Structures are given as C-alpha cells and as structure tokens.
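Visitor: Taken in sequence, the protein lines are chains A and B.
Position in the first sequence counted from 1, then plus 149, gives you this note's numbering.
Position in the second sequence counted from 1, then plus 104, gives you this note's numbering.
One thing to keep in mind: the hints can contain errors.
[Unchecked claim] Each pair of labels, with its calculated beta carbon distance range:
hint	chain 1	residue 1	chain 2	residue 2	range
1	A	188	B	180	47 to 55 Å
2	B	254	A	341	52 to 60 Å
3	A	585	B	216	47 to 55 Å
4	B	210	A	171	44 to 52 Å
5	B	118	A	535	52 to 60 Å
6	B	264	A	454	51 to 59 Å
7	A	460	B	220	31 to 39 Å
8	A	211	B	220	40 to 48 Å
It is worth saying that the hints were derived from the structure and are not from the lab.
Note that this is a predicted model, so its numbers are computed, not measured.
Built from N, CA and C at the ideal position, the CB exists for glycine as well.
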Amino acid sequence: MGRKLLLEKANVPGIRGYDVYRQQGGYAAVEKALRMTPEEVVEEVKKSGLRGRGGAGFPTGMKWSFLAKPAGVPRYLVCNADESEPGTFKDRYLMEFIPHLLIEGLVAASWALGSNRTYIYIRGEYAWIVDILEQAIAEANAHGWLGKNIKGSGFDCQIYVQRGAGAYICGEETALIESLEGKRGNPRIKPPFPAVKGLWDCPTVVNNVETLAAVVPILNIGGEEYAKIGTGKSTGTKLISACGNINRPGVYEIDMAISVEEFIYSEEYCGGIAGGKRLKACIPGGSSVPILPAKLLLRTAKGEPRMMTYESLSDGGFQSGSMMGSGGFIVLDEDQCVVRHTLTLARFYRHESCGQCSPCREGTGWMEKILHRIEHGQGRTADIDLLWDIQRRIEGNTICPLGDAAAWPVAAAIRHFRDEFEWHVNNPEECRRRNYGLAHYADELVSALP
Amino acid sequence: MMAKFTDDMKAEVARIVDRYPEGKQKSALIPVLLMAQAACDNWLSPEVMDEVGALLGLEPIEVYEVATFYSMFNLQPVGRHVFEVCQTGPCMLKGCDDIIGHIRSRLGIGVGETTPDGLFTLKAVECLGACGYAPMMQLGKTYREHLTPERVDAIIEECRNMSMA
Ligand SMILES: Cc1cc2nc3c(=O)[nH]c(=O)nc-3n(C[C@H](O)[C@H](O)[C@H](O)COP(=O)(O)O)c2cc1C
Ligand code: SF4
Ligand code: FES
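With the hints as constraints, model all of the structure from the sequences given.
Guide: Below, the structure written as structure tokens:
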C-alpha cells in the first residue's frame, strides 16, 4: 500500500462536513502556517519539491517566489478547478469528497502569497460541487478560518467560487483570468506572466486544485519529509484518474515510485484490462500527451520498467515516451481503434480552440476532417502525410499550448500506429463495417504480474 | 425591460458583484448569465441578455460576445430536459455511441434536436470530467453515469413523470 496524503481520510464518514474534518486533524496546517512567516511557508513548499499538478509540472515553490510584490497593489491566488482535459477527473473527486482539504490548502497558500481575495474557478458543469464548496467555505468562515483577522493573525482572507460556463480553454491560466474578468476565454500573450500582471492586472498565482491541497500535508509533515516520498524530481503522491478499458476505473493516489505495469494490472489500482483482453495502448497523462503502444508503455526504449513518475513517463522524449500531464490515464484494449480514438480527440480540440491563432483554429479543423475521412474509409495514403504536416505546422506556432496539445495526440498516433492508419486507407470497405483497429500492437506481458 | 429579474434575483446579483473589488462588476457576467438562463427556461434570449447587461452596466456587445463563446449558454430555446451525452475518447471507448443511438431511437430525434412536445433535447458534448464513470450524460445540475440502455429508459421515464407532476 502506498502512502496516502490527500485521500487517506476521503472515505471517513462525514468528512465532507467541518466537524469530522477538524476531528481528523483538519486545519492544523493553517495553524502551523499562521505561526510561520509567509516566506517560511514558501520555503517549506520549495523544500517539498512539489510540482504543479495541473499538467505542466512546474515547481510550485519557485512559482510562488516569482510573485511580484509591489507595495499597495493587491495580489491574488486563483485555484484552477476547470478540469476539462479528457481523461482527467481527479480534482472533482477531491473537491466532492474532501472539500475542506482544498479550502485548508487555499487558506495556507493565501497566507503565503498575501492574497486577501482568493478565487476558485470551477468548470460550470460541476454545478453540484459548487454547492459542496460553498458549504465548506461557509463552515470555514463560521469557525474563523476565513474572514477578518483569521485566528488573531491580522490576516484577512475570503474565498469565492466562480463558475465557468463550458470552455476547455479556460483551464489555460491566462484564459482563466480573462474569463474571471467576465470576458471570452482568449489566452493572453506572455509575457507579462500572471505573476507580474494577472487578474485585473495585479500579480497573480494560478494553481491546480491538487497542487493547493498538497500544501496541507506538506505543512503537516514538513517539506523535507514530503520530498522523501516518490523518486527523483517526482516527489510526493499524485492523483491519477484512470479510465477506459480497465476493470477498476477511478481516482487513485499513488506514490510516484510504482511501475506503470503495477498500476495497470494490480488489484489495488486498475485491476487489469476489462473482459480479459490485452492492453493495446495508453495515454498516460490526459488527452494532450502522446499515446504509447503497450510495449513502450510498460518498458522504456532502453528496456527498463517504466515508472509512474514525471521523469520515467517522459523518458525517450516524444520518440518513445509520453508525459505525466494531468494524470488522466486512458487505457485502450486490443479491440480499440486508434484512428477513431484520435478522431474524437481532434474533434475535441477543434471544438475547444478559441480561434485567436490561425494555425490552431484552421489546423484543428483540418485534422478533424482528414481523420474523419480516414476513419470512414475515404482516406488516401497522402492524407497521412498531410496530417503529419499540419500537426507539425501547429506545434510551437500559437499563442497558447492548446495548439501543441492538439498536435501531439495526432503526431503520436501516426508515429506509433502508422500501419493502422494505412490499414484504414487500404481497407475502406472493412473499416466501414467494423471499427476495430489492429490488435498486433497489444501487449504480450499481460500475465507477467502475479 | 426588467421584466424577468425578480427582486430576489437582483439581490443575488448584488451578492455576486460583492465578490469582486470595486468597479470590477464585469466579472459577475458569467455567473449572472448562468443564473438568468436557469430562471428563463434554460436559454438566453436577446432580451434577457440585454437585461443582464443593463443590470451590470455593460454594453450589449460585451454580453453577447461572452454568451456566444461558452458552450453552456443556449441561445435558442431547448427542451425541458436536456440530455448532454459525452462523446469524447474515453467515453467512446466505453460505448457512448451506442447510448447516443439508443436515445435517438427512443426519442425519435437526432443530435441537436428537440422532441415536438418540447420535453427533450439531445446534445452530444465534449468531455465532462466523468471519464471513469462512462458512458455518461449531464442532465441539469447532475451527472448520470454508467449509462446502459435500461438506465437511459428509466431516466426518460423519470423525466416524463416529472413533467406530468
Ligand atoms: C489548454 C489548456 C488547458 C488547461 N487546463 C487546465 C485545467 O483544467 N486545470 C489545471 O489545473 N490546469 C490546466 N492547464 C494548465 C494551466 O495553464 C496552469 O499551468 C496550471 O493551472 C498551473 O497550476 P499548477 O502549477 O498547480 O499545475 C491547462 C493548460 C492549457 C494550455
Ligand atoms: S493556440 Fe488555439 S486556443 Fe490557444 S490562443 Fe491560439 S487559437 Fe486560442
Ligand atoms: S470523455 Fe466523457 S466524461 Fe471524459
């Protein structure tokens, strides 16, 4: 059993309410933080090695220390609860089952950053979670963890929940800020970075839900202790939301010290591939990161076991590796068609492009159309090269990383499953009749684990 | 004008505006539009949008450009019960296409259409953050997960009963 720092108490009856949460040791991290200076809290987070859990994996302590602090200008902390990356549903789980953990982390982080108004920007579809958060905030207010002069510290802080209204792009931090200002979610050109000019042009930190919740155990056990969990630069625990063709889909908290093989096949986690089938492919970190065929997923190109860590998942770069991303772990069994799956992702990115940059706006539409053609038996061999060419022209040529996020899944699908695309082109009749891809990519290691 | 917003709603708008610093009431736009939509048969007519603009001191165009950007705003009337079925990759792996097919045949409408009695609208939407509980749909404020044809039938029945009560 790995160590649980975030979800350990998530199943305690009544933990959603303040009383049980407090009895279980809740808000001790805030008490501790308020006895420290804000700088000391930032230092503790630095020591922990915590990396942002929203997707990019940027060191949180460093991000906090970049926050500009001009005199007389308010600073803001914004919690990113937009969670819209396909395959990702971990923040929802955390907020739904143990909402006070996030609120506690937010109070401590607001103290560290000097944010008197802190916002949780949550995707509009999570409507019932808004009620859960509002309730937790009301309770925290009633018990003096929010409001004026929190526990006699002289620090004032209020947390507000802001709903989005359906737009993946608002998960990108500058689009989120625009949306929070009441505008369309068009990402801003950086620099200036939010740390200098963010919400209402004030210095702003945007952090993911899981990142901010992790501040609680970091303060409780100390940054150094936290850094001992995991491996290398992947410290602490990580929430993984697992979905697709596995026996036990759900949200798991892992030590970043287990192998991908263990994660997929052990009963503690995914419980193996559903229906006794074999593993064909997996997107390990949310729809934007490269898909890997079974053999590259379980073993790196060097033949080493691949681990559930930032470093190991990206080992081999995009040639033979992928990324930890947001921890959205999507598993495809041997009967799944990679072309069809990639088509749904291309449609997603076309739908979600904000339209500011032509490579992204036009390119995502082109990719969807071409994939649609191939999937429906009307593709040509040249289409595969055209797809490759389009994705290459999007990547790196846009205002925000959504362009890359749209390009990578298509590139990886062609890179690793080219003959499946060719099969679609060469077997137009058959691919109209049945939707199965080629099973020869599937794993032979299925029984390797006891 | 000002026909749709009750005093209670205006008080709620004031509470929302209070979340932001002085002069930043534009930030209230999305929450207020969501509230207005919920109060006005689940869609935003130009009149309702203009009213929201007037309440917040915004130009009409500032409201329209936001209302047209976000997928949760309906700019046309919709049915009383809107089935928003997720169709993105992870849900596809778990058979959402069959679920959408089943709903289409049960309700006799295509994706994007509303039944003639105005009871149901079917939409295919993108990932809702429920991929592990697929196939799924959003129905109003809640998610309906682990859908099967039988569960879909039960949901349709539930909606019909609700509308008769
Ligand atoms: C298109 C796009 C969508 C994103 N969606 C999310 C999201 O839903 N949640 C999130 O926390 N970060 C998301 N991010 C990353 C944020 O921009 C930002 O890096 C993150 O919130 C920082 O928090 P962290 O350092 O705690 O990870 C997205 C980025 C891009 C480019
Ligand atoms: S890359 Fe796409 S989503 Fe990002 S700013 Fe450009 S058009 Fe908008
Ligand atoms: S893909 Fe359907 S909820 Fe995520």
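Visitor: Tell me, in ascending order, the numbers of any earlier hints that this structure violates.
Guide: 3, 7, 8
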